[in-house]
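Undergrad: Protein chains in written order, with this note's numbering: chain A, 1 to 205; chain B, 1 to 205.
Don't read these hints as lab results, they were simulated from the structure. Any given hint could turn out to be false.
[To be verified] Partial list, computed: chain A residues near chain B (C-beta under 10 Å):
| no. | residue |
| --- | --- |
| 1 | M1 |
| 2 | S92 |
| 3 | F108 |
| 4 | S110 |
| 5 | S149 |
| 6 | L156 |
For glycine and all other residues, C-beta sits at the position ideal for the given N, C-alpha and C.
Protein chains: 2
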Amino acid sequence: MILCDIGNTSVDLFRDGKRTKFRAEDFDPATLPDDVYFVSVNAAFSERIRGCSNWHDLREFIDGDKYYPTMGIDRIMVCEAIDNGVVVDAGSAITVDVMQNGVYQGGFISLGLRAAEEAYGRLSPALDVSFNFEVDLAKMAKNTPDALSVGFLAPLVSKIESLGKPLYLCGGDASRLSRFLQGAIVDEELIFKGMKKLIEKGVKC
Amino acid sequence: MILCDIGNTSVDLFRDGKRTKFRAEDFDPATLPDDVYFVSVNAAFSERIRGCSNWHDLREFIDGDKYYPTMGIDRIMVCEAIDNGVVVDAGSAITVDVMQNGVYQGGFISLGLRAAEEAYGRLSPALDVSFNFEVDLAKMAKNTPDALSVGFLAPLVSKIESLGKPLYLCGGDASRLSRFLQGAIVDEELIFKGMKKLIEKGVKC
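So that you can see chain A by itself, here it is in the shape it has in the complex (with noise of 0.2 Å):
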């Protein structure tokens, strides 16, 4: 069994414990002969998979009840992964949500830290710096980097601690906001886990 996790530019497989990258415009489905569970936030791809029979879309095994319509395939998958606390999910955006009993109770859509930055930097050259990941979040700034960094990340910071815990990050900036958010767990397998989990029900949930 292959687990598989479709986004806009790559495709990610989980196949024995380990996990394997390529370009979703050069990967050919039809190359992997094993039963494929997959996620897909990729419409083409979710096309060029339409023929394949052993490829198996994970969103039918969602009740869409539990979650909302518009609400991104992946971020369901991490939410699924745990039955209680906070998921960060630090991709392109930052996507936080809060489980209690295996029931979801909401969450929020941040930019993602490489959105921010470029945004910051399309409204003046002035602002068009990087964030400062040394910065103390406790303290007001006095520098333009610093500025930029407390004003973006000491917010969203404080608002995901307050969700309570155990807190859970992945997606590509996880390790660089664990800095800052003291006895998160990073695990960057989270969106399988919840595959897995869901697989394992065999049931719609």
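With chain A held as given, fit chain B onto it using these hints.
TA: Showing chain B alone in chain A's frame:
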């Protein structure tokens, strides 16, 4: 005496308690015969003023050590307007600054409401929605517009509230933000109050 706030696109005059706004590109500084005290973030316009002896740059009234070298002059002016408290200037960026007994304590810069909305829209067509200003920031969201509104506004509002009182709000989005900030004083003329205070002191401060 005329006070003048020169932005990238507009020239905002304050004369006898009244404000008049002009487009920066249309405005001829030579048409004003009186003494004009100005702050400018518009280098091209500042160049056009250079020949006018009745135009006085208030940047020269500021002690550079009190703030930091790259801090916007408009941001410094709203700080100068108060001795104690928090100033939020909600424009294309949202600047948040803390003053204590007339001494600058530091601050941070968040994206402006429009810049944030646009940055979400750039991430995905699914996130290209307007903020919902009726949203309850205390609740986790269960639809896309609320997830973005809570994601951007709830962390920012909590952080601002944690900085203490009194809280002053100015800038084009002051009113929209004020509904989330209990007890905030909306004062659209804060920049001119800072300018006036500085002139009255008549010395570097």
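Undergrad: Okay, which hints does this one fail, numbers in order?
TA: Violated hint: only 1; rest satisfied.
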